[in-house]
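Per the UniProt record's numbering, numbering through the sequence shown is continuous, rising by one, with the last residue being 639.
Note that these hints are calculated values from the structure, not bench results. Keep in mind that the hints are not guaranteed to be accurate.
[What the hints assert, rightly or not] As a list, the in silico DMTMM-like pairs of lysine to aspartate or glutamate whose alpha-carbon atoms are at most 20 Å apart:
(1) 295 - 275
(2) 237 - 503
(3) 237 - 395
(4) 437 - 471
[What the hints assert, rightly or not] Derived CB-CB ranges, DEER-like:
(5) 510 - 375: 54 to 62 Å
(6) 176 - 301: 31 to 39 Å
(7) 219 - 474: 38 to 46 Å
(8) 581 - 458: 51 to 59 Å
(9) 448 - 151: 46 to 54 Å
(10) 176 - 423: 51 to 59 Å
(11) 135 - 616: 41 to 49 Å
Virtual Cβ for every residue (Gly too), placed ideally from N, Cα, C.
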Amino acid sequence: MISYLRRVFVESWLGRVTAIVIFLAFVGWGIGDVMGYMGEETDVVAKVGQQQVSADDLATALQSELPTIARQMGVTDPSQIPLAMQRQVAYQILHRLIGQAELLNTAQKLKVVVPDSAVRDEVFSLPYFKGANGQFDRASFNQKLRDRGLTEQRFLDMVRNDLTTRTILQPLAQAGSVSDTMLQRFLTYGAKTRVVDFVSIPFDAQPTPKAPDDAVLQRYYNNHPWMFRTPELRHAKIVVLSPQTVADSITLGEADIKRIYDEQKSRYDVPETRDIQLITLQDQAQATAIANAWKVGGNWQAIQNSAKDAAAVEMPNARPSTIPSATLRQAIFQAPEGQVSGPLKTESGWAVFRVTKITAPHTTPYEDAKKDILSQYRAAVAPSVAGERKRKLQDALAGKGLDAIPADLGAVAAAGTLDAQGMTADKEPAPLPASGKLREAIIHQIFTQKPGARATLVDGPDNSSFAVEVDTATPAAPRTFEQAHADVLAAWQAEARKHAANEQATNLYLATKNKQALATTNAPGAQMTRDAAFSYAKPNKNIPDALMDYLPRMQPGQAVMAEDDGHFLVAVVTKLFVPNPPAPADGVQRLKDSLAQADSDDLVASYVEALSKRTPPHINERAVMATLSAAGFGGEATP
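Hey, can you work out the whole structure from these sequences and the hints?
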């Protein structure tokens with residue numbers, strides 16, 4: 001949630017102005033000294049020293065930021081955000097305002113003053129208020145303030161406060177750094193590489209033993225009673241409303257489809273495109289040498305490695321419009337496929353290139369594109385449509401239940417019998433009108449809801465809603481040995497195959513452990529993998545997760561045996577080394593920058609936390625709740 005809110009605030013234009021260097025969600029104040037603040041005025045929601053956060057400040061922030069959050073969540077109105085999340089978002093905004101008040105209070109003590117000229121320069125630099133000529137546009141400025149419900153003076157105060165807090169925090173943030181020793185330790189830790197040999201022995205590949213006599217099977221049946229029961233079965237009626245179910249009911253007029261087609265003409269009317277490999281150099285002699293070597297060797301990777309101090313790039317599906325140089329554009333779109341061309345003098349240097357693929361121009365007629373446009377439109381608006389229709393479905397359920405769902409909602413109904421794993425009595429997947437997490441949520445609701453209980457609308461994942469009505473429930477019951485005979489035999493044989501695989505893997509593990517190298521095996525179905533390398537920086541997806549629980553801590557010559565789903569695994573570490581250099585230069589620089597940024601964030605967070613302890617915020621809970629209620633965002637009216 002915190003990461004989601006941080007992203008939303010940073011990406012909004014208002015957030016760009018009002019956000020401080022870090023988000024104070026990293027610092028948890030709780031709700032401060034609430035008890036000592038009860039009974040005071042309700043037009044101030046919080047105090048920090050001499051600074052106040054007014055109810056109007058909070059209301060303005062709520063009105064400005066919650067609609068943006070709602071749209072990013074796929075709903076058209078903030079009222080459609082779940083109540084608990086509304087409160088969470090509101091308090092996140094409040095804590096941000098309190099954090100800024102902490103810094104403004106400190107700035108006042110330190111006599112930090114931001115001059116009017118700095119405020120003017122900051123406003124003029126914001127891209128949101130610039131016109132077509134790239135300069136500050138007064139009309140655009142006024143319009144955007146009106147859209148946000150802000151007066152000019154209030155906005156300028158917000159900018160001044162933002163500059164003040166940045167003046168306090170930026171020196172701290174810029175002090176973040178990482179020592180060469182720490183950097184080297186991180187590099188070594190991440191680059192330390194282990195090489196592994198391992199064998200996988202599948203259970204199912206082992207020979208299936210003959211059926212034993214019934215006495216053996218009876219004993220197995222008696223020892224595993226939980227395996228041979230009929231599961232609880234429930235018959236339920238279900239209705240599902242989701243972006244997927246409403247999509248087919250969403251329409252788009254012919255004129256709108258035609259307009260979208262015309263607007264996306266470049267997508268449906270594609271000129272000739274070419275896949276290009278391009279190297280640009282500043283020295284003509286070096287460009288000539290590269291061109292000659294490329295013509296002889298023809299290996300793109302080798303040419304890139306040899307072309308030091310050169311810009312090498314691949315451009316798949318390049319159109320003429322994507323080539324900025326007219327000289328280079330003409331040469332590329334006249335060159336034959338597969339031939340190295342150049343060096344060619346361009347505005348940015350000497351170019352050597354090869355066209356690896358030519359795709360002829362093609363046009364998708366309007367009639368052929370209509371279905372694709374409608375499908376994309378439905379996918380884009382379906383989440384918000386599902387949210388809008390949720391209230392209608394709720395009203396229908398409250399009226400006549402699952403038997404009177406309007407057909408125009410796009411909801412899908414189903415009924416049937418299933419067990420807690422979503423299987424029918426015939427061991428087939430129940431045909432529910434949902435998949436993934438939504439299917440799991442529906443099954444969970446069926447088996448937690450009391451039979452006969454009235455259907456109520458439940459919020460599901462990804463803007464979905466559903467309701468369940470359980471008619472009957474048949475309890476789980478044991479099956480007799482005779483009824484379960486076939487299943488008992490199958491389970492006994494499966495366990496025998498697993499036991500055989502276990503013996504093969506154990507023998508292999510012991511031999512490998514003594515030898516300190518992977519021994520050979522004749523186990524049926526055994527699959528061997530050698531020289532599988534991995535490090536924290538470069539994981540190897542081919543190594544099973546069951547082995548990765550142990551391998552990162554093992555030394556060369558050490559062996560391990562593990563079990564995953566359907567296999568026994570035996571592995572041995574054969575090498576342990578740190579590459580030299582441990583990472584490419586650009587990777588080292590990215591790590592260094594990342595560590596320095598983390599250190600900066602820690603410094604700033606520690607400073608703000610210290611301020612909050614020195615001057616604890618006092619939150620007027622009654623004023624907060626009244627403000628939330630007045631704004632319609634999940635608060636409770638205060639009498």
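Against the structure, the hints:
1. 295 - 275: holds (18 Å)
2. 237 - 503: violated (49 Å)
3. 237 - 395: holds (18 Å)
4. 437 - 471: violated (24 Å)
5. 510 - 375: 54 to 62 Å: holds (59 Å)
6. 176 - 301: 31 to 39 Å: Hint holds: Cβ distance 37 Å, inside 31 to 39 Å.
7. 219 - 474: 38 to 46 Å: violated (29 Å)
8. 581 - 458: 51 to 59 Å: holds (55 Å)
9. 448 - 151: 46 to 54 Å: Since the Cβ atoms of residue 448 and residue 151 sit about 52 Å apart, the hinted range of 46 to 54 Å holds.
10. 176 - 423: 51 to 59 Å: holds (55 Å)
11. 135 - 616: 41 to 49 Å: holds (45 Å)
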